[in-house]
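Q: Listed below, chain by chain, are the residues.
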Amino acid sequence: DTGVSQNPRHKITKRGQNVTFRCDPISEHNRLYWYRQTLGQGPEFLTYFQNEAQLEKSRLLSDRFSAERPKGSFSTLEIQRTEQGDSAMYLCASTYGQGLGKLFFGSGTQLSVL
Amino acid sequence: GESVGLHLPTLSVQEGDNSIINCAYSNSASDYFIWYKQESGKGPQFIIDIRSNMDKRQGQRVTVLLNKTVKHLSLQIAATQPGDSAVYFCAENIRKEGSQGNLIFGKGTKLSVKP
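Residue numbers (the numbering used here), protein chains in the order written: chain A, 1 to 114; chain B, 1 to 115.
Simulated from the structure, these hints should not be mistaken for lab results.
Honestly, I wouldn't trust all of these hints.
[To be verified] Computed cross-link-like contacts, SDA-like style, restricted to lysine to any residue with a CA-CA straight-line distance of at most 20 Å:
(1) K107/B x G16/B
(2) K57/A x D86/A
(3) K42/B x S85/B
(4) K102/A x A29/B
(5) K42/B x E52/A
(6) K11/A x K102/A
(7) K107/B x Q110/A
(8) K42/B x A88/A
(9) K114/B x I20/B
(10) K71/A x E56/A
(11) K114/B x A29/B
(12) K42/B x K57/A
(13) K42/B x R9/A
(14) K107/B x Q41/A
(15) K42/B x K71/A
(16) K102/A x L11/B
(17) K102/A x S73/A
(18) K102/A x I26/A
(19) K42/B x G40/A
(20) K42/B x E56/A
(21) K110/B x Q81/B
(22) K57/A x R9/A
(23) K107/B x T2/A
[Unchecked claim] If the Cβ cut is set under 10 Å, some of the chain B residues that face chain A in the computed set are:
(24) Q38
(25) G106
(26) S112
(27) P115
[Said to hold, decoys possible] Below, a sample of chain A positions facing chain B; criterion: calculated Cβ distance under 7 Å:
(28) F45
(29) G85
(30) A88
(31) L91
(32) F105
(33) S112
Since the model is a prediction, treat every value here as computed from it, not as a measurement.
Quick reminder that beta carbons are idealized off the backbone N, C-alpha and C, glycines included.
My request is simple: use the sequences and hints to build the entire structure.
A: What follows is the structure, given as structure tokens:
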């Protein structure tokens, strides 16, 4: 499968715990995006990388959230001290080129904070 | 604030009929628009896109129309099939200075196709 891959598919955690999600983009894609989606809503932009550089972060990305893309390939999104309001689907997407083109999304990681 | 929105949250059509899903946007700086389809438990899947210098674009069974005068976007699906049942999102790219921008999604329309 050469699509965007996200792991794990589901994560259940207790409030206050840290969680980390991984995204493997399509191999030749230089740009990688993280979105968050809650039930009944459209995805909300969190952050994006061009190669290994994190170029933009949303105001939604609080200090408890950190994303990395150390080698310009896979990316991780970590949430520290999780809160119940963090429960959502976390989507990763990738694309190539300089301008904004169509994003290819993974199937997401569903986070449930108890 | 400015946002992308949809006129109808749900749409039910008969198999074989044409479907039209509408979307209103309010940011005149938006230069690129995309329609995505999302099935339950899956990520959004690209359907069709259109740039602001166009007013119509056609794909396989789908057509996107852009009316910049009234800031309106629509997705037309011809001969709707049960496999088209999903939530459809329109998204706009709001270009900002020093940035390529990012996609802002609407809330989505749920399309149900009756056999």
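Q: It remains to establish, for every hint, whether it holds in the given structure.
A: Consistency of the hints with the structure:
1. K107/B x G16/B: Measuring from Cα to Cα gives roughly 26 Å; hence the hint is violated.
2. K57/A x D86/A: The given pair, whose Cα atoms are some 17 Å apart, holds under the 20 Å limit.
3. K42/B x S85/B: This hinted pair holds, its Cα atoms lying about 13 Å apart.
4. K102/A x A29/B: 18 Å, holds
5. K42/B x E52/A: Violated: K42/B and E52/A sit about 26 Å apart, past 20 Å.
6. K11/A x K102/A: Measuring from Cα to Cα gives roughly 28 Å; hence the hint is violated.
7. K107/B x Q110/A: 19 Å, holds
8. K42/B x A88/A: Cα-Cα ~13 Å, so holds.
9. K114/B x I20/B: Since the Cα atoms of K114/B and I20/B sit roughly 15 Å apart, the hinted pair holds (cutoff 20 Å).
10. K71/A x E56/A: Within the cut-off at roughly 18 Å; holds.
11. K114/B x A29/B: 38 Å, violated
12. K42/B x K57/A: Between K42/B and K57/A the Cα gap is close to 24 Å, so the pair fails against 20 Å, i.e. violated.
13. K42/B x R9/A: 10 Å, holds
14. K107/B x Q41/A: 5 Å, holds
15. K42/B x K71/A: 27 Å, violated
16. K102/A x L11/B: Violated. K102/A to L11/B sits at ~25 Å, over the 20 Å cutoff.
17. K102/A x S73/A: 19 Å, holds
18. K102/A x I26/A: The hint holds at about 13 Å.
19. K42/B x G40/A: 14 Å, holds
20. K42/B x E56/A: 25 Å, violated
21. K110/B x Q81/B: Between K110/B and Q81/B the Cα gap is close to 14 Å, so the pair holds against 20 Å.
22. K57/A x R9/A: At roughly 24 Å apart (the allowed maximum being 20 Å), R9/A and K57/A break the hint.
23. K107/B x T2/A: 29 Å, violated
24. Q38: 9 Å, holds
25. G106: 5 Å, holds
26. S112: 15 Å, violated
27. P115: 25 Å, violated
28. F45: With a minimum Cβ separation of about 5 Å from chain B (threshold 7 Å), the hint on F45/A holds.
29. G85: Violated, because the Cβ-Cβ distance from G85/A to chain B comes to roughly 19 Å (cut-off 7 Å).
30. A88: Where the cut-off is 7 Å and the nearest Cβ of chain B is about 13 Å from A88/A, the hint is violated.
31. L91: 5 Å, holds
32. F105: At 3 Å from the nearest chain B Cβ, F105/A passes the 7 Å test, so the hint holds.
33. S112: 14 Å, violated
Figure legend: structure checked against the earlier numbered hints; hints not met, in rising order: 1, 5, 6, 11, 12, 15, 16, 20, 22, 23, 26, 27, 29, 30 and 33.
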